[in-house]
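Novice: One letter stands for each residue in the lines below.
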Amino acid sequence: MSVNEQQVRHVAKLARLALSDAEIDKMVPELNNILGWVEQLGEVDTAGVEPLTAVIDLKLRLRDDVVTDGDVRDKVLLNAPDAQHGFFAVPKVIE
Amino acid sequence: MSGLTTKTIAQLRDGFRGGEFSAREIAASFNSAVEAGRALNAWTVETPELALAAADQADMARVAGGLKTLSGIPLGIKDLFCTEGVASTTGSNILRGFKPPYESTVSGKLKAAGAGMLGKLNMDEFAMGSSNETSAYGPVISPWKRNDGGNVSLTPGGSSGGSAAAVAAGMAPGATGTDTGGSIRQPAAFVGISGIKPTYGRLSRWGIVAFASSLDQAGPMAKSVRDCAILLENMAGFDPKDATSLDLPVPQWEAGLSSDLKGKRVGIPKEYRIDGVPDEINALWDQGINWLRDAGAEIVEISLPHTKYALPTYYIIAPAEASSNLARYDGVRYGLREMGVKSLDDMYAATRDTGFGAEVKRRIMIGTYVLSAGYYDAYFTKAQKVRTLIKRDFTVAFENCDLILTPTAPSAAFGLGEKMSDPLAMYLNDVFAVPASLAGLPAMSVPGGLDKQGLPLGLHLIGRELDEQGVLNAGLAIEERAGFTARAEKWW
Numbered sequence: 001m002s003v004n005e006q007q008v009r010h011v012a013k014l015a016r017l018a019l020s021d022a023e024i025d026k027m028v029p030e031l032n033n034i035l036g037w038v039e040q041l042g043e044v045d046t047a048g049v050e051p052l053t054a055v056i057d058l059k060l061r062l063r064d065d066v067v068t069d070g071d072v073r074d075k076v077l078l079n080a081p082d083a084q085h086g087f088f089a090v091p092k093v094i095e
Numbered sequence: 001m002s003g004l005t006t007k008t009i010a011q012l013r014d015g016f017r018g019g020e021f022s023a024r025e026i027a028a029s030f031n032s033a034v035e036a037g038r039a040l041n042a043w044t045v046e047t048p049e050l051a052l053a054a055a056d057q058a059d060m061a062r063v064a065g066g067l068k069t070l071s072g073i074p075l076g077i078k079d080l081f082c083t084e085g086v087a088s089t090t091g092s093n094i095l096r097g098f099k100p101p102y103e104s105t106v107s108g109k110l111k112a113a114g115a116g117m118l119g120k121l122n123m124d125e126f127a128m129g130s131s132n133e134t135s136a137y138g139p140v141i142s143p144w145k146r147n148d149g150g151n152v153s154l155t156p157g158g159s160s161g162g163s164a165a166a167v168a169a170g171m172a173p174g175a176t177g178t179d180t181g182g183s184i185r186q187p188a189a190f191v192g193i194s195g196i197k198p199t200y201g202r203l204s205r206w207g208i209v210a211f212a213s214s215l216d217q218a219g220p221m222a223k224s225v226r227d228c229a230i231l232l233e234n235m236a237g238f239d240p241k242d243a244t245s246l247d248l249p250v251p252q253w254e255a256g257l258s259s260d261l262k263g264k265r266v267g268i269p270k271e272y273r274i275d276g277v278p279d280e281i282n283a284l285w286d287q288g289i290n291w292l293r294d295a296g297a298e299i300v301e302i303s304l305p306h307t308k309y310a311l312p313t314y315y316i317i318a319p320a321e322a323s324s325n326l327a328r329y330d331g332v333r334y335g336l337r338e339m340g341v342k343s344l345d346d347m348y349a350a351t352r353d354t355g356f357g358a359e360v361k362r363r364i365m366i367g368t369y370v371l372s373a374g375y376y377d378a379y380f381t382k383a384q385k386v387r388t389l390i391k392r393d394f395t396v397a398f399e400n401c402d403l404i405l406t407p408t409a410p411s412a413a414f415g416l417g418e419k420m421s422d423p424l425a426m427y428l429n430d431v432f433a434v435p436a437s438l439a440g441l442p443a444m445s446v447p448g449g450l451d452k453q454g455l456p457l458g459l460h461l462i463g464r465e466l467d468e469q470g471v472l473n474a475g476l477a478i479e480e481r482a483g484f485t486a487r488a489e490k491w492w
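Taken in order, these protein sequences are the chains called Y and D. In terms of my numbering, the first sequence has 16 at position 16, counting the first letter as 1, and numbering is strictly consecutive. In terms of my numbering, the second sequence has 407 at position 407, counting the first letter as 1, and numbering is strictly consecutive.
Certain hints may be false.
Claimed, not checked - Dumping the calculated DSS-like pairs for lysine-lysine here, alpha-carbon to alpha-carbon at most 25 Å:
#  : chain 1 : residue 1 : chain 2 : residue 2
1  : D       : 99        : D       : 7
2  : D       : 419       : D       : 145
3  : Y       : 92        : D       : 342
4  : Y       : 92        : Y       : 13
5  : D       : 241       : D       : 99
6  : Y       : 13        : D       : 342
7  : D       : 391       : D       : 270
8  : D       : 419       : D       : 452
9  : D       : 68        : D       : 7
10 : D       : 391       : Y       : 59
11 : Y       : 75        : D       : 99
12 : Y       : 59        : D       : 241
13 : D       : 490       : D       : 7
14 : D       : 308       : D       : 490
15 : D       : 391       : D       : 452
16 : D       : 391       : D       : 145
17 : D       : 419       : Y       : 26
18 : Y       : 26        : Y       : 13
19 : D       : 264       : D       : 391
20 : D       : 241       : Y       : 75
21 : D       : 308       : D       : 391
Rather than coming from a laboratory, the hints here were simulated on the basis of the structure.
Based on the provided sequences and hints, a complete structural model is requested.
Specialist: Structure (C-alpha cells):
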C-alpha cells in the first residue's frame, strides 16, 4: 500500500497537524518509504496467532471506588497557556 | 577534589561514608564538571543548587544519623522525567517552559533515597531518535573522538544521549535513562558505559512523559555494572499510579552480584549475524562468548526466527502508541499555544505543527495512518500478531538457555549529520535492541572494547522476564574480563 498527497493531507487533518505544502511534499515519499519497508510483515504467517495485548502477564488491579487525590485545581492550571476563573480558556467555539 | 568525578557511585558512596570526602565536595566537583562541559550540550537545565542542598542534607545525616542508600550521590535526570518545579521539556519545543507541579515516581524514589539532582539531560525529542539530533535544544556531542586526527563531532547515541555523554564525560556519576527500543542500551554502548533496561513493569512509568506505553521502561546508566545495580534497586518498585506496574518485592541486586556463571547456559542467536555489520562487531561478540565461557557458562546456539521482523513491527507499534499519547499536546493545558488562528481546531493544528519537530511529526503521521479506519487490521493488528511470535521466540529459546548474548548496536558511534537524511538507516541502529523491548525482557549493554577508530563497542545481554540479576551477573563477568578502562580524552 502507498499513500498519495491527498491521503497524507487527510492523515495530517486526523492528527491535527497543520503541515505546510512543503512539509506535505516531503512527507509523501518519506511515509511511502517507511510503509514499503514495514510491508515485509506480510511474509509472516500469522494465521491463528492472537495479537499481543499485554507484554507481561498481568492481572489488572481493582481498587476501591474512592477519591484518592484531587483538590489541586491551581496546580492543574499552573502550566495553562491561558487560565481564567479557575478554568482552561480557549478561543471561542460558539458564536 | 577533581579526582571525585572519575569515581564510581559505589566508590563515592563508600568514600563518603568512610569520611574520605564530604557530600558537598562530591556535589561541588560534579557541578564544576557540568559547567566546564557545556560544549557537549548534554544538559537542558543545570540545578547545582539542588545538588548542593541534597549534599548538605547528606553531610548532616552522616553526623546526626539517618543516612540513606544514595546519600551523597548526585545524579543527572533525563528530561523525560517530570521533576517538580524544574523544567521538564522532553527535548521538545511544545513543552518549552513546562514546570511540572509533581515528581515522577522514579526520580522521586531517587530523591527519597538521598540522591541530589545535577540537572536535566538533553535527549531526542520525545525520545524519538537514535542520535540525539532530533532535540529542540540541538544535538548532544559525544565526548569521544575518532583516533584519525580529524575533529568530527560524534553522536553519543540516543535517545538518552545526554545521559550517556554526562556519565562518559564525568559530569555525573550516574544518570536515569529511558528505553523504548534501545534508548538506554545504544547510547551506553556508543560512549563506553553500562546501562540496563529492566523487565517491563519493574519501574513505574508514572510521571515519565509517555512515548510508546507498552514499550517504555526507565533504567540507570552508569560507569559500572555494580553502579547500575545500585541505582536500579533505588528506582524499582510497585506503584499503584501505574496500571502496568508489577506488585513484586525489589530484589537486592547489588548484594546478589556474582560473576560466577557456572551452571548458566548462554544462547547465541544465529539470526543476529546480519549482513553489513562490521567484522569488528562480530569479533567482539566472539570475544564476549569466550569471556562468558571463561566465567563458567555453557554456550549454546539458539534461534529467534522472527528477529528480522522486529524492527518493522516496532515501527508500526511505537508510532501508533505515540500518535495516541501525543494527542494530549493541544495547546490548552500546558506547553506551547499558537494563536493568530480563527478556530479552536486551527489552534490545535497550528500549535502542534509549530511545537513538534520533523521526526515526531513523521511518527505521529505513521501512527495515525496505521490506526486509521481501513488500515488498522492490515498494519496495527498484523504487527501485534508478529509481536506475539517475537515474544514466543524468546519463550522457546529460554527453554534451552538462561541468557542471550548479542552485540548492542550494529556500528560504533557515527558522526552528527551522517544519518539524519535517511530515517530508515537511523532506525537500523536499534536492530539488536528492539526485539527484547517488544518482548518486555530485561536487557543490558556493557562496554566490550574499542574499534579500530578508537570508539567504544558494547555487548548486549538479554534475560528472562524478571531476571535482572542474571543479566547484571553476566554483565559483571564481561566487565571483569574486558578490563574496559578507556575514557574519552578531554577536549571540551
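Novice: If a hint holds in the structure, say so; if it does not, say that too.
Specialist: Status of the hints after comparison with the structure:
Using a Cα cut-off of 25 Å, the hinted pair residue 99(D) and residue 7(D) is violated, with the two alpha carbons roughly 32 Å apart. Between residue 419(D) and residue 145(D) the CA atoms are separated by roughly 17 Å; this keeps the pair inside 25 Å, and the hint holds. Between residue 92(Y) and residue 342(D) the CA atoms are separated by roughly 9 Å; this keeps the pair inside 25 Å, and the hint holds. Simply put, residue 92(Y) and residue 13(Y) have alpha-carbon atoms about 21 Å apart, close enough for the 25 Å limit, and the pair holds.
Taking the CA atoms of residue 241(D) and residue 99(D), the gap is near 20 Å; set against the 25 Å cutoff, the hint holds. Distance restraint check for residue 13(Y) and residue 342(D): the Cα-Cα separation of roughly 16 Å lies within the 25 Å cut-off, and the hinted pair is therefore satisfied. Distance restraint check for residue 391(D) and residue 270(D): the Cα-Cα separation of roughly 17 Å lies within the 25 Å cut-off, and the hinted pair is therefore satisfied. The straight-line distance between the Cα atoms of residue 419(D) and residue 452(D) is roughly 21 Å, inside the 25 Å bound, and the hint therefore holds.
About 19 Å separates the Cα atoms of residue 68(D) and residue 7(D), which keeps this hinted pair within 25 Å; it holds. For the hint linking residue 391(D) to residue 59(Y), the alpha-carbon distance of about 19 Å falls within 25 Å, and the restraint holds. Among the hinted pairs, residue 75(Y) with residue 99(D) is consistent with the structure: their alpha-carbon atoms are about 11 Å apart, no more than 25 Å. For a cut-off of 25 Å, the pair hint linking residue 59(Y) to residue 241(D) stands: about 15 Å separates their Cα positions.
At most 25 Å may separate the alpha-carbon atoms for a hinted pair to count; residue 490(D) and residue 7(D) meet this at roughly 16 Å. Proximity of residue 308(D) to residue 490(D) is assessed by CA-CA distance (about 39 Å); at most 25 Å being required, the pair is judged violated. For the proposed pair residue 391(D) and residue 452(D), the alpha carbon gap of about 36 Å is over 25 Å, so the pair is violated. At most 25 Å may separate the alpha-carbon atoms for a hinted pair to count; residue 391(D) and residue 145(D) exceed this at roughly 38 Å.
Using a Cα cut-off of 25 Å, the hinted pair residue 419(D) and residue 26(Y) holds, with the two alpha carbons roughly 17 Å apart. Restraint check for residue 26(Y) and residue 13(Y): the C-alpha separation of about 16 Å stays at or below 25 Å, so the hint holds. Only pairs whose Cα atoms come within 25 Å are accepted, and residue 264(D) paired with residue 391(D) is accepted, the gap being roughly 21 Å. Between residue 241(D) and residue 75(Y) the alpha-carbon distance is near 18 Å, which keeps this suggested pair within the 25 Å criterion.
Pair hint residue 308(D) plus residue 391(D) holds up; C-alpha atoms about 13 Å apart against a cutoff of 25 Å.
Violated hints for the displayed structure, listed by number in ascending order: 1, 14, 15, 16.
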